[in-house]
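Spelled out, the chains give:
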Amino acid sequence: MGSTITEKILAAHCGKKGVEPGEFIEPKVDIVLANDVTAPLAVKEFRKSGVKKVFDKNKIALVMDHFTPNKDILSAEHVKFVREFAKEQKIKHYYEGGNVGVEHALLPEKGIVVPGDVIIGADSHTCTYGAIGAFSTGGGSTDVAAAMATGKVWFKVPQSIKFVLKGKLNKWVSGKDIILYIIGLIGVDGALYQAMEFTGEVCKKLTMADRFTIANMAIEAGGKSGIFTPDEITEKYVAKRAERKYKFYASDKDAKYVQTYEIDCSKIQPQVSLPFLPSNAKAAKDIKRTYIDQVVIGSCTNGRIEDLRIAAGIIKKGKKVNPNVRTLIIPATPEVWMQAEKEGLFKIFMNAGCVVSAPTCGPCLGGHMGILAAGEKCVATTNRNFVGRMGHVKSEVILSNPAVAAASAIKGYIATPDEI
Amino acid sequence: MSDMILKGKVHKYGSNVNTDEIIPARYLNSSDPAVLAKYCMEDIDKDFVKRVEKDDIIVAENNFGCGSSREHAPIAIKAAGISAVIANSFARIFFRNAINIGLPILECPEAVKAINSGDDLEINLNQGIIKNLTKKEEYKAQPFPEFMQKIIKAGGLLGYIKK
Chain A
0 MGSTITEKIL AAHCGKKGVE PGEFIEPKVD IVLANDVTAP LAVKEFRKSG VKKVFDKNKI
60 ALVMDHFTPN KDILSAEHVK FVREFAKEQK IKHYYEGGNV GVEHALLPEK GIVVPGDVII
120 GADSHTCTYG AIGAFSTGGG STDVAAAMAT GKVWFKVPQS IKFVLKGKLN KWVSGKDIIL
180 YIIGLIGVDG ALYQAMEFTG EVCKKLTMAD RFTIANMAIE AGGKSGIFTP DEITEKYVAK
240 RAERKYKFYA SDKDAKYVQT YEIDCSKIQP QVSLPFLPSN AKAAKDIKRT YIDQVVIGSC
300 TNGRIEDLRI AAGIIKKGKK VNPNVRTLII PATPEVWMQA EKEGLFKIFM NAGCVVSAPT
360 CGPCLGGHMG ILAAGEKCVA TTNRNFVGRM GHVKSEVILS NPAVAAASAI KGYIATPDEI
Chain B
0 MSDMILKGKV HKYGSNVNTD EIIPARYLNS SDPAVLAKYC MEDIDKDFVK RVEKDDIIVA
60 ENNFGCGSSR EHAPIAIKAA GISAVIANSF ARIFFRNAIN IGLPILECPE AVKAINSGDD
120 LEINLNQGII KNLTKKEEYK AQPFPEFMQK IIKAGGLLGY IKK
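The listed protein sequences derive, respectively, from chains A and B. Just so it is clear: in the first sequence, position 376 is 375 by numbering that gives the first Met the number 0, and no numbers are missing. Just so it is clear: in the second sequence, position 145 is 144 by numbering that gives the first Met the number 0, and no numbers are missing.
Please note that a few of the clues may not be correct.
Said to hold, decoys possible - Below, in silico cross-link-like pairs of lysine-lysine (DSS-like), each with a Cα-Cα straight-line distance of 30 angstroms or less:
{"hint": "1", "chain 1": "A", "residue 1": "K287", "chain 2": "A", "residue 2": "K318"}
{"hint": "2", "chain 1": "A", "residue 1": "K376", "chain 2": "B", "residue 2": "K45"}
{"hint": "3", "chain 1": "B", "residue 1": "K149", "chain 2": "A", "residue 2": "K47"}
{"hint": "4", "chain 1": "A", "residue 1": "K70", "chain 2": "A", "residue 2": "K15"}
{"hint": "5", "chain 1": "A", "residue 1": "K43", "chain 2": "B", "residue 2": "K37"}
{"hint": "6", "chain 1": "A", "residue 1": "K70", "chain 2": "B", "residue 2": "K37"}
{"hint": "7", "chain 1": "B", "residue 1": "K53", "chain 2": "A", "residue 2": "K47"}
None of these hints come from the bench; they were simulated from the model.
The following block holds chain B by itself, in its conformation from the complex (with noise of 0.2 angstroms):
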């Protein structure tokens, strides 16, 4: 199977994003991912929807996506054009409900740490290899479990399940 290559400028976050700075529960009365993605982020960085462009990376540093299991929050990251998040580490619902729903996720500290808001990323989630194509560095993340790979290649869960 070809890699999957993705590629995008980065917006960085520190430690402990919460679910509900990702996605306030004011707005759960809709499960509508275009109407979740206007309000992504919205009490951490206001203007985070205005900057955003189609396959943008968001980039955090300890515990990402901690709090409410609130799958709402991936599927707001998702629609509002995010193509993937690297953090030092996720919150554990987080990371399942990212593999779930298809939002790839890598962990890896040393990329986190060179990292700066606004660099241009390019990813191949197969090898876990990271180009930073500003700094003109690059960094190894983990690369996904075979389980894991194949959910994401699925499209989420439910396509697994139903291969």
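Only chain A is shown next, with the shape it has when bound in the complex (with noise of 0.2 angstroms):
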């Protein structure tokens, strides 16, 4: 019997020919990622290990992107431990300051990760680099720990679900109507430890960008870990980037899979997930007029170069944002932000009175740089609407794609781009 890409990938990284669903395995990991929320805890648990160094000084990613820049006294000194630690350790992947972007943008566009790769990170957005044909998955800050000791880590081999998505995309739909669609329809746990796997005709109308944000939110459904084959598109980013030797892997035709769910995308609207969970999503424009008071377009999510382009297109249509809502422009990263200060759209943003901040993930996990007060409401191009995620309990995120973001921070109400 054949198998998935995941089963391959995870096989090759233990030197067996096969591994099956369920099975325990310790696969050598390429690449170890924490940040200054979840390294602090994995180089405290690194020290009571007794390991002096690291198993490979090149496979240590260390993001300070989380609380920076630092937002208060604690995350100063946070961050303070974990650049001591990169030095001693002569990490040679440790990004702060004007370095740093938001993880989960940024190793992938420095081809720090490539395909083929199995990556950890203690954090849950790890499930990203799928989207080139890895495997990575998220874990804590002990599995961190142990993986920056040993080089290993340990697994049980998930099941794979297909998502098969077919049909054509209507106006304005993205990724990240795919997913919130997605996660609509098998909720918050519908793919728990498994692994999903996008496949279908139109997989190949999708852009790297789009992928990274269908990748990024399979933990939003429960997963272990979303993938994509790799093919042209792929290889056209990460030929450029990729620092490592890379490998496309993709799965058999008589791969087993727990279950197949065939998408006809020619059904999803651009849509939004209401609070207080990502699986509540329905189409923007059936949603009742909700005023708002703050947009956030940025993040893991939805930071990229693609994603302030078509943001940039609606707002300049809009010309200005609307005087109730505080509208933050979050680049995701260095080389995002340059890209968009060259083609202009800065100039479209501080026209229109939007901030423009440098890269953070600052508000999506409510740390810093655009908190909720109690009663207020965002619509966010990032990835969780859970109870006070991005401030007061009493506060609400609306999660959406970049054009329904920008087309309501026109409007002060959740908006379709179609009004503009």
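With the hints as a guide, bring both chains together as one complex.
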């Protein structure tokens, strides 16, 4: 019987011919990732192990993106602690200050993660790198500590679920709408412990940005990973970036799936996920008039240059954002920032009354740079709308794609781009 | 090796209790278990930290611990005094984090259905048996795979690796 792309990558990292779902394995990892929230705990645990040196200083990425530029003294102490560790261990991929970007946008952009890799990160959205055909999943700080010490991590081989994306994409429908629609369909635990494999004719039309967005939110369906089969679009993206050799894997025709969903993308309209779960997805056009206080366009989900271009196009058409809406634009990485500047997007945003920020995770997790007060509502291109996610326990987050977010910023309520 | 027995009173919750509710990000500028414990469950149950007593047990429905990978969540729960969490199902990162830090967790829909807040439980971890002392009932959970039992007994993953 055949294997899935996920099983093939995992088997190759265990030196085995094949692996079976449910089997406990300890594969070698190619990249180990942690950020300023999870790395301090990982470093403390690493110290406890008694191991003096990390397994490979070139295979660890420490990205200080969550509460940076440091929001308070405690955060600054955390970053200092990690910085000292990175210096001591001569960690190659340490990012802070002007080099830092939101980790899951930064690592693929810099070619630090490549197709065929096994990646563990102490951040739930580590599943993003499935977009380039890697097995990539979130763990905790202790997982990362163990991986930094041994170069390995324990996993149970996941079952795979197949999503066959069919039909034609409607106007303004992007990767974000496809994944919100799927999460709405299967629920926040619809893919629990499983690898979500995205296939079908629509994939050929999806840009890398769209694929990153889809793989990024696999975790919001409970998935262990999300993965696309690498193709010429992947090749074009990674060829100029990859800092290591990479390998394209693909599922066998007779690979086994626990379930197959056929998704007719023609039925998908631009989506919004209403509070308080990402699965609460609805067509934006069907939402009754809901006034908002803030819009956030950014994050590991939708802070790439393609996202900013879409938002800028709509904001330019609408000229000014609504005076009642604080509109925050957060390019995910320095490269995205400089490209947006070069293309004149910041001028459009600033003239319209938006705030343009340095790259940071900031408001997405209610860290800083855009916290909500009691009763406030925010349309965000981020990934979670849990209770209190962006601030006060009585504030609300509505998830959307960049086009809906930009349209809502102009109108002052949840709106569709067609209204501009 | 002797059986691991846990005894405590139940705090019960519904489905999809997420890590933002277990420990909001506004407190993640600390990684000190004692500090995190003070804010445990704040956004879902403000009085939890006032009510909780040492060795109490959390019982919840589906997908407990979904969301962020923050290990601060099981750390906060453990440091607040909770000895075990029983649920229909766990989000997978929370599951591994709990095992890795040595917080016992059990999947047992039968128990979740029958148990109420305030019930007194006695759990035999090795055998996966949950006794409801209040209702005089017994439920059978899946015992941990041996590999995970070893991690829990070593006090977490790093202890296990050291061995």
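Consistency of the hints with the structure:
no.: 1; hint: K287/A with K318/A; in the structure: holds, 24 angstroms
no.: 2; hint: K376/A with K45/B; in the structure: holds, 22 angstroms
no.: 3; hint: K149/B with K47/A; in the structure: holds, 18 angstroms
no.: 4; hint: K70/A with K15/A; in the structure: violated, 46 angstroms
no.: 5; hint: K43/A with K37/B; in the structure: holds, 21 angstroms
no.: 6; hint: K70/A with K37/B; in the structure: holds, 21 angstroms
no.: 7; hint: K53/B with K47/A; in the structure: holds, 26 angstroms
Consistency with the previously given hints fails for number 4 only.
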